[in-house]
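Enquirer: Could you put the whole structure together from the sequences, leaning on the hints where they help?
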Amino acid sequence: MPCDTRSLSLVRSLNPMKLRLNLATILGGIGLALMAFDPAFAQDAAPTVNKGDTTWMLISTILVILMTIPGLALFYGGLVRTKNMLSLLMQVFSVFSLVAILWVIYGYSLAFSTGSESIGAFIGGFSKVFLAGVTTDSTADTFTKGVAIPEFTFLAFQLTFAAITPALIVGAFAERIKFKAVMLFTFLWLTFVYLPIAHMVWFSEGYLFKLGALDFAGGTVVHINSGVAGLIGALLVGKRIGYGRDLLAPHSLTLTFVGACLLWVGWFGFNAGSNLEATGGAALALLNTILAPAAAGLAWTAVESFEKGKASLLGIASGAVAGLVAITPAAGLAGPMGAIVLGLVAGVVCYFAVTTVKNALGYDDALDVFGIHGIGGIVGAIGTGIVAAPSLGGYGAGEYTIAGQVWTQFIAVVVTLLWTGIGSLILYKIVDLTLGLRATYEAEREGLDLADHGERAYNY
Amino acid sequence: MPCDTRSLSLVRSLNPMKLRLNLATILGGIGLALMAFDPAFAQDAAPTVNKGDTTWMLISTILVILMTIPGLALFYGGLVRTKNMLSLLMQVFSVFSLVAILWVIYGYSLAFSTGSESIGAFIGGFSKVFLAGVTTDSTADTFTKGVAIPEFTFLAFQLTFAAITPALIVGAFAERIKFKAVMLFTFLWLTFVYLPIAHMVWFSEGYLFKLGALDFAGGTVVHINSGVAGLIGALLVGKRIGYGRDLLAPHSLTLTFVGACLLWVGWFGFNAGSNLEATGGAALALLNTILAPAAAGLAWTAVESFEKGKASLLGIASGAVAGLVAITPAAGLAGPMGAIVLGLVAGVVCYFAVTTVKNALGYDDALDVFGIHGIGGIVGAIGTGIVAAPSLGGYGAGEYTIAGQVWTQFIAVVVTLLWTGIGSLILYKIVDLTLGLRATYEAEREGLDLADHGERAYNY
Amino acid sequence: MPCDTRSLSLVRSLNPMKLRLNLATILGGIGLALMAFDPAFAQDAAPTVNKGDTTWMLISTILVILMTIPGLALFYGGLVRTKNMLSLLMQVFSVFSLVAILWVIYGYSLAFSTGSESIGAFIGGFSKVFLAGVTTDSTADTFTKGVAIPEFTFLAFQLTFAAITPALIVGAFAERIKFKAVMLFTFLWLTFVYLPIAHMVWFSEGYLFKLGALDFAGGTVVHINSGVAGLIGALLVGKRIGYGRDLLAPHSLTLTFVGACLLWVGWFGFNAGSNLEATGGAALALLNTILAPAAAGLAWTAVESFEKGKASLLGIASGAVAGLVAITPAAGLAGPMGAIVLGLVAGVVCYFAVTTVKNALGYDDALDVFGIHGIGGIVGAIGTGIVAAPSLGGYGAGEYTIAGQVWTQFIAVVVTLLWTGIGSLILYKIVDLTLGLRATYEAEREGLDLADHGERAYNY
Amino acid sequence: MKIVMAVIKPFKLEEVRDALTSLGVHGLTVTEVKGYGRQKGHTEIYRGAEYAVSFLPKLKIEVAVPTEIVPKVIEGITLAARTGQIGDGKIFVVPLEKAVRIRTGEADADAL
Amino acid sequence: MKIVMAVIKPFKLEEVRDALTSLGVHGLTVTEVKGYGRQKGHTEIYRGAEYAVSFLPKLKIEVAVPTEIVPKVIEGITLAARTGQIGDGKIFVVPLEKAVRIRTGEADADAL
Amino acid sequence: MKIVMAVIKPFKLEEVRDALTSLGVHGLTVTEVKGYGRQKGHTEIYRGAEYAVSFLPKLKIEVAVPTEIVPKVIEGITLAARTGQIGDGKIFVVPLEKAVRIRTGEADADAL
Ligand SMILES: Nc1ncnc2c1ncn2[C@@H]1O[C@H](COP(=O)(O)OP(=O)(O)O)[C@@H](O)[C@H]1O
Ligand SMILES: Nc1ncnc2c1ncn2[C@@H]1O[C@H](COP(=O)(O)OP(=O)(O)O)[C@@H](O)[C@H]1O
Ligand SMILES: Nc1ncnc2c1ncn2[C@@H]1O[C@H](COP(=O)(O)OP(=O)(O)O)[C@@H](O)[C@H]1O
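Residue numbers (our numbering), protein chains in the order written: chain Y, 1 to 460; chain S, 461 to 920; chain E, 921 to 1380; chain H, 1381 to 1492; chain V, 1493 to 1604; chain W, 1605 to 1716.
No lab work stands behind these hints, which were simulated from the structure alone.
Cβ coordinates follow ideal geometry from the N, Cα and C atoms, glycine included.
Since no wrong hints were added, every one of them can be taken at face value.
Quick list of simulated restraints, FRET-style, between CB atoms: (1) LEU1683(W) with ASP1398(H): 37 to 47 Å; (2) GLU1412(H) with ASP1712(W): 25 to 35 Å; (3) GLY593(S) with LYS210(Y): 35 to 45 Å; (4) GLU1412(H) with LYS308(Y): 23 to 33 Å.
Expert: Printed below as a string of structure tokens:
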């Protein structure tokens, strides 16, 4: 729960992440109410920076990096065949590095600064390009009036969100994509899909901001966004040679397990860090980020045991990731029991998405980016409308009606689906026409590690 | 050192962890003494929450999770044969997930709430079942009067202790247990062994609380408890096929090494986090948690070099874990030199427990849960009585006599041994009579990964 | 940026790390200027300890440990052949353990206490041997007047720097050194090379302290120091059997990747932790520690693609580490764009050092300790003189002239080169004459794992 | 009886197995091997050190069959394993004097 | 001389080795192989995709012996490797024309 | 034609390959094996449990050659693989009745 006082209920029914930078202005209008709680704020012009918060946000940033490299890279890498191991590690690592640079050059500015009057609802401006004006003294507001964090902290934390999102996509077309295509696509997709959506959802002047959807830590921006882009990618790049016929078994479930654990651990930074302050709200987000994946993993293996007679490690790990995805938008808004229920639902739904629906439709989403991030993200986004309800022990505020909030959530999901769906489709086509998306038959047979990178993962 | 003022000596000679939730009441009686140091406290009704502390406890919680998944899972997994790798990973991950859910449903309440008048010394009540009454605003006291942390933080931190303890046990009967038996046993053991012991030791109304034993971070509740349960399990489940005849060599010491390192890193959260505040006392606990395992690892390999002519990686890693176990009860109570001595002793004693005593007695404690956690825990519990002595540079307080404290420590060890020994025995029997403990001969031959989970760890 | 006010410019043009313990005295002279900014300081005798800072430093300490074990160990281990895997892991783990113990016995005292009048500029004294006088209440100053951290925190943080430095060296003579020789050399080198250099550079009375070189987080003390010692070691120990003829391919680039990621993650503690406080300056250091390696990795693979036609994972990982090394002395002093430029330069220079220069000169620096830490360290040390310039967006202060600062940096590099070059040479000779450095031909053929440690890394 | 030993490209295993099964051969033994031949290998580069790797991953299939079906077995394997590119591999026929099924002790034709 | 080649269950290696040693055969070469035969394999499931794995891990033992002890060798291996379950494996005997010990250049009987 | 099968020390592979190439033999197949023989193994110790490991890593080389060059091949391998220490390995010669190149269907001499 990002806000501490009931008087903020008006604001709290909006998406909390949107408030980050421009909360101060909004709060102006309700300042009087706040004064009753903390008179000191009224006379306090400059926001105070608490070192406990700064430390918490530094750590959260580091945790999201750990979640990406090596976390996500290992989770994905373990699932592919030996001959493509390095290609996955390389893609995740390169995407992370590339986005980090792009972020400070223009990404932060386009996402988190005021844009032109005409299209400012969809994309920011160039005032912070090359981090102009950002210094060790500049700050970004948190959700609590008068409390800020160093702007470098905020922007580094946001950098990690921008970096992991395109890295999530690469799992969908794993084992058959050209490395250079991934790099070009990442550049385009960050610019034309991620930055606009982040701006629309999280910036106070953004289009989706005004819809009032709840998204605590990025369910739409990160998960639905990457999940759908992955699905389009899997469809356009086509199936792997031998898909549906050969044994395309994971080369190391051990590494996938390590990756899943590091995803989980790093996700605490992702979710509880999105609280921007080290408060009881952050602790709640952390607890929910323990409970939802635990429940989802157990739910997945329960269904699996029932259907196949055996509970698998890949099953519980996949379920846990699905639970992490689902709790993301609700992390600081659901009560602990709500988190468990959301996890149980996500575990079951994603199980069927991955094992049944995918096989029925026949697309080759190699590492189930859509099945887990896309579907799990949708379950989470809609579910947040329910579990955030105070009547169900949640921390959603204002005049909360479940039906109304669920409808708002639904709209936000649809808008995200459309933007990323159409945008990604166009960008894939551009890459395909310039560099080409798909590796050659020989490269795919030999493995991308040797073909694209000239190395082999293992020489035992 | 959990407390900052000498006037707390009366309280500090008790087990610091016991104080967590109910310190306020106790401190009432000595409030006057405190006023001399900090008059502000006297008029301060509501405890203050410091964001630095909150951040520290959030991080500590995350570190203990890292220590379990993937830390402990890899440490154990690397030590088994390839065909049982996933079964170990699965058991640790599932136990963690299951306990997380049980903890918020009834575990926290039974451990940390007031029980009925008749048996309240042994088990808590149901007032906090489903986390009733816990909100983002409720707090739990630390060891310093007037300083509190969000209750969600405290309960999440405690959740990780409850989760790792049964996960430690699975090493003892590794490579031959049924997966379902592990799950049922975990449920029973958490309920009937862990929760009562945690309540008795850490809750102010608990039976062992009143004995006045020192246990900074859970030497009895976590290590002796799991070590003994492991020994009983190893005896009841029986030896692995081929034990003592075939080469049952670790399939990947590399993974065991990674696990040992993550155990070490996570243990900083375990031990220094048990200070509940980010103070010089936490820093001391952290330093001791560097020194004791360093000394223990070196001691183990020194004896090994002397006896076998070679210093092994598994030796130094095992020694380090033994040192971590031993310093646990003394982490914030020993001085740095005391920590080194405790580490040296633990390294040597556990070396002989594992290499000589186990072989002499002939039980198959596959991954030496008893030899390292049980024996190391006992060395630490007794040793704490010595190294905490102020005369030896320790931070034990009050009218400290080494002999008296060692005797108290001894009693606490014996009580723990008996409760977990008898309790575990009964629970294993129940599981054996219902689901059966031991995998079939064929499943064990083929490996539990395929037999129980339908997967293989590696497809190189 | 360690200091928050412009009035500290005089001090800030010096090496920030030198200020740690003795800042208070120095600041006395400029206290009046400070009063204008914060009058409270004038009357504040005892420094205040902020729990946010304490938490940040505890975490930073933990991160540097994670960076060493398992980070560095895996980075190195993955690069050697299977038969020497454990020897690398063992060396890193043992060096860490040994230095931890030596540090609290005499290392901290020799590095960070006042020495005798005659040689006090080169080495500290014995007043803090066995940590005499250090308690949970004693503090160490930060760069901000009146702000301190618990001394145990400071000394534990410094312990990790002392431990990782000799561990870095072992990569140079990997796969052919005797284990016992490593241990003896570590003891000697810590005592006679590391401690004096740390004292000279970081202690207020040290010789290099007075030169006024900028070194935010240890570019000279850690990286140039270990890089040069590695080069000398590689030359003295000689080439591996088969070097230049056989395929000495890395046995697991996956593990090297994991190690590189953990190095990166841990380096945030190393660099941003060197700020000693959780401020905007720490956030800048963290951001720079994201950007420089990202840029360096991309630069390395860009050159590689151009030269060899393929971008490799080992390339981007090596580049990232080179970038981390280069940004170390500049972490809190460069602006983000300066960090990117420094990274780009380091990536390209180290690429040629490792791929061309090494092969031309023909020495067998097995894991490129000199090529990456030595050369990258020099690039960083000199480059810091440029990117710290306020005119280039840097945070260097005072009457800053690029030419003047670069010259100072150059001197500091030369002094470090000479001390470690000559010192290491003598110590290697001593070890060679006593225990012998090089493993026997048979041991090298069979692999050091079996020969020195009696184990094998994998039994698949 | 003969042992027919074939070195093939790894991804051809399933097809070869099916070809053999359709000839009524229901047992075979497979080994991962490295082959050296006309097919050129690849280059690996680790930190600027280039290695020409000329040993390529192959599978060796060993199948014991009655002498009379050897020609058909050869034909079946050839067709199934052929891609037409260099490196498709070789088939070798070696005399087999005796075969025994361990489980039953049955010998020769009965043992296959 | 003959080469006796046996495909056995992996956990039977030590017993087979001991049986051979007791016959005075002090050298042998072992290869990890995958066997396909009557013994049914297992099913692996990864995220709902089921794979029937029909190749099972086996060990192949090759031992060069003088012709006269071949029957004893076959008997020894058979007894040691037998569990009585399907999949116990096979023994094949192949003619061996020449054997050389690399270290000394000794040939044939002396080389074994 | 014969199949010459040699068990050698792993680090001798390149030298043996070069020796064969210089004899005009341009194809061979290599298998990682474990050898048991006179060469004594090593001891591994895991937490005090000592294991005597008597199977040592070796490489098995199989090369099909025309009968007439067999003596030269044996000589070439022997010289290249010899270190003079116990465990250098063995060379076995087995008759080869037929060889086929899968890609072209060429047979016997043409297939090698
Ligand atoms: N003389 C030989 N003896 C044994 N194996 C051989 C021989 N020649 C080739 N091979 C095996 O056959 C494989 C394919 O041979 P190669 O010359 O590359 O192509 P092709 O089979 O199309 O002629 C090699 O990788 C090697 O394993
Ligand atoms: N015709 C054959 N040629 C080569 N190897 C065979 C053949 N038949 C069986 N094998 C090997 O023997 C093993 C055992 O055979 P299988 O039919 O499963 O059981 P059994 O030996 O009890 O009849 C197989 O896994 C395979 O490795
Ligand atoms: N009778 C045999 N049959 C098959 N392989 C053998 C036989 N004897 C030895 N070998 C192989 O040759 C290798 C070397 O044999 P060993 O007796 O150790 O030394 P040497 O070759 O010097 O006599 C063994 O490791 C084994 O792989």
